[in-house]
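Build the full structure now, drawing on both the sequences and the hints.
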Amino acid sequence: MTSYSGYMLRRFGQFVLVVFIGINLAFLITHLTPIDPIEQTISAATSFGSTSPEAIAMMRQALRELYGLEGGLWQQYAAFWKRIAVGDFGPSLSAFPTPVSDLIWRALPWTVGLLSVSTLLTWCLGNLLGGLAGYFQKSSMLRFAGVLAMGFHPIPYYITAFVLLIVFGYLWPVLPITGGYRMSMPRGFNVDFILSVAQHSILPVLSLMIVGLGGWFMGMRALVSNIVSEDYVQYAELGGVARRRILTSYIMRNALLPQVTGLAMSLGAIFNGAIITEQVFGYPGIGTLLVSAVHAGDYSLVLGLTTVSIIAVSAAVLLIDLLYPLLDPRVKVR
Amino acid sequence: MSEGAAPAPVLTVTALRAYYQTRLFGIDRDVRAVDNVTLHVNANEIYGLAGESSCGKTTLIKTIAGAIRPPLKVQGGSVEFNFHGRRVSLYDKNAPDLADIRWRHLSYIMQGSMSVLNPLRRVRNSFVDFAFRHIHKPMAEFLDTVRAHLLRLHLQPEVLDAYPHELSGGMRQRVAIALATVCRPEFIIADEPTTALDVIVQKGVLTMIREVQREIGSSLIFVTHDMAVHANLCDRLGVMYAGRLVEEGPTAEILREPRHPYTAHLIASLPRIGDVAPKKALEGTPPSLADPPLGCRFHPRCPLAMDICKRENPQMEWVGPVHRVACFAAQPGKRQ
Amino acid sequence: MWQVLRDLLRYNREFAVGVFLLSFVILIAALSFLAPHSPLDSYVVPPDLPPGWPYVLGTNSRGQDVFWQLTCAIRNTLLFGFAVALISRVLSLVIGLIAGYAGGWVDRALMSVNDTFIVIPLFPILVLFYFVMRDRMSWMTLALAMAFLGWSYDARLIRSVALSLRAREFTETSIFSGMSMRQILIQEHLPYVLPIVFSTTMNNINWSIGLEVTLSVLGFTDINTPTIGVMIYWANQHTALVAGIWWWIFFPVALVVVTFIGLFLLAVSMNEYIDPRSRLGRVGA
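Chains as they are written, first to last, in this note's numbering: chain A, 5 to 338; chain B, 113 to 448; chain C, 47 to 331.
If you're looking for bench data, these hints aren't it; they were derived computationally from the structure. Think of the CB as a built atom: it goes at the ideal place given N, C-alpha and C, for glycine as much as any other residue. Don't take every hint at face value.
As the list claims (entries may be wrong) - Here are the computed distance ranges between Cβ atoms for each label pair:
#1 A:Arg64 / C:Leu73: 50 to 56 angstroms
#2 A:Asp106 / C:Phe66: 49 to 55 angstroms
#3 A:Gly76 / C:Ser210: 44 to 50 angstroms
#4 A:Met12 / C:Val63: 42 to 48 angstroms
#5 C:Ser210 / B:Thr307: 21 to 27 angstroms
#6 C:Val140 / A:Val195: 54 to 60 angstroms
#7 A:Arg249 / B:Gly316: 29 to 35 angstroms
#8 B:Ile139 / A:Ser9: 35 to 41 angstroms
#9 A:Arg14 / C:Trp292: 49 to 55 angstroms
#10 A:Arg249 / B:Glu327: 28 to 34 angstroms
#11 B:Asp403 / C:Leu73: 43 to 49 angstroms
Set out below in structure tokens:
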């Protein structure tokens, strides 16, 4: 059991390192660039409309506090961490004076929902189909699925989402192409609202799946076609073990392990995709918020979103890592 | 067949040919891993199969076990089992489904048994997967049978709760042997079952194999390149070289008086107590099976090579009541 | 080398299709040098003409010829991908080879950092970078930033190969013959990992072009250097789809998709050629 807690400890250490390096990157980018971010931000934030001089002064003050521009670089560094530790990124500049954390909390559930639903669907479906394609290599239908996967996989999230938007927005308008639910509808926990949310999530989920499926499909297909020649599979075949059992418990089960690790490794990239997709479909999550924050020059919101993204993604990775020993008994030894 | 009144052999292999067919960048190649092999294994007998690595031993074994997958292909010949009168021909047109024969009648102890157990399944589940459908008992009784079998093989029943990686190499091999024998099959194929083990563990595993073979009275075909193991274990011995069987006979007779120069070389390389002469290595390497030499495949390395060896392929001929050899130098009357 | 290429072309369908698609894309990019107008000039041709003669792919609302605009855009996009791949290759080679060769705590430390970069969501960081840089954001700074962020996945791959090379006998021989680590890595190990580097280059170009297109479409890059993404950005700014000027969007999207598929097929077929395991699978077919 000690080696299991050793594994946990190592994974947790990696999590801390990811957050540490990520936040430092954000600090470096914001503090070591030759541009004065405060004036830059203020000019960007105020360029869209008239802002009262008092508000500008408040903004300047808020920004100074946020940057902790008083003091040397190390003091600024300490102040930066302190803000992150208490989760206080100051007031938003575009939605002044709503705190940035409020905005993020409002958007986060949408992104988490979209991301987890689409990722789970994609991962399960891709692995199932890929596994079958690796096992039944002669099936022409699965071969065709392989060609499709190959064709769609390299296309980036933005293009796929964009094409779906064109198809369902202009050519065949049957699905809602923007928003997270019908605008006129009051938010609440009832069937109509949930249906509306589900309907609005079809296109974002679909575009994330189209891009994601191919990777899992091809990965699983390759893994399975290698595992088929492993000793324990051949032995089970020689032993006349039932084919269903061989396919599920001997082949798929073993091939899934690297795919779980792969999921942890690609979560960051999937998150990027979700952000982009949200923006295309105006989905009310982190991504849309981030893009509009950049356009509005909302420095504190951009910084807050970046930080939260880093922490959220690495926490999700940590979760997968900690669940992994449930799937692989050997982790306790390694 | 030479037998008349003798009980029918459990396994009869006739003129078996199995090739690896490859096609890379448009070039077809045949690797003749098993070329015209004829042999039989009697009831209650341990038959040893010897030869260097990549001489076709493992391919022959795979073919006998019905474990053919591309690129390996059976080109001709037959493999026939006789399980107490139930005849099964593997490469017939109307070959039966092997699933209900496997493990009940024909089981397998594989090379590198370290990796033959599914790493993600407890040993108990492996036993259930392999044997449950052959032992017609409810699960609880089935597990009792398994436990009794393990105890008979001096294994603690607790291994059932372990994952393979929690067992040592020797232990895993013992569990694999227990798994292969739990249904008391008539025929067991053992492919280098001791190769990866250290010497002490090896001895224990060999003793165990012999004990269990005696106990359930099955036939065993035992493959290894280690002549010392053959000397200790096998009743009869077949020697393979470059995809062909070159000599076959009772183990003691072959060890005492090998007829084929290749067998002689294999035996000469065995260490003996008091032997001080340096071991002589055989010159050259085994031929490529994709492009074997004409005539006798051993002739480029053979100290006795004659002209005919370069042109004609020697057939297996009887040189004793149960002793066959494929060598012109050893066959009287064929000399030129 | 040439023989390998010829065999691949003849017997590997994916490779052949990939080469064909990429050659087509490169040809289009090469035509940019014959462009009659600078891609930055606007209102040089009548606006909003559908595809036809003499404006094969039509003209856009800014009075530019879509075809010539496209040649220039794809050239810049390809160059961008290539620059990112080149720089990040150097990083991943150095880090991967050293980690694999040195082993021990060096390996652990480098791989911890490496895994960090794999996990961190890069898109928000790039957005933050643009947010701070704003108008100073140029083609080159973005390429540098992305190269600095995009080496990690391939470094892990190279490291695993280097790890197995380290265990090979010839490495021992080199050490005993007195070669320095730098010599061993460059003279002995580099040739072995180069094929992998080639296939990861294709994937990396894909990755960087994908991100570049995304960032440009959102307007988060230097929107005055025409790339495929910038072209779509301007089309969106002029609401080209609503206005029915579909050719302004369709052709850049189609061309960049062709590029992606071509690069990806090359990477896949190279992988298959390198990896003996999948090659064995092919032998059976």
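For each hint, the structure was consulted:
| no. | hint | verdict |
| --- | --- | --- |
| 1 | A:Arg64 / C:Leu73: 50 to 56 angstroms | holds (54 angstroms) |
| 2 | A:Asp106 / C:Phe66: 49 to 55 angstroms | holds (54 angstroms) |
| 3 | A:Gly76 / C:Ser210: 44 to 50 angstroms | holds (48 angstroms) |
| 4 | A:Met12 / C:Val63: 42 to 48 angstroms | holds (47 angstroms) |
| 5 | C:Ser210 / B:Thr307: 21 to 27 angstroms | holds (23 angstroms) |
| 6 | C:Val140 / A:Val195: 54 to 60 angstroms | holds (58 angstroms) |
| 7 | A:Arg249 / B:Gly316: 29 to 35 angstroms | holds (32 angstroms) |
| 8 | B:Ile139 / A:Ser9: 35 to 41 angstroms | violated (56 angstroms) |
| 9 | A:Arg14 / C:Trp292: 49 to 55 angstroms | holds (53 angstroms) |
| 10 | A:Arg249 / B:Glu327: 28 to 34 angstroms | holds (29 angstroms) |
| 11 | B:Asp403 / C:Leu73: 43 to 49 angstroms | holds (45 angstroms) |
The structure shown violates just one earlier hint, number 8.
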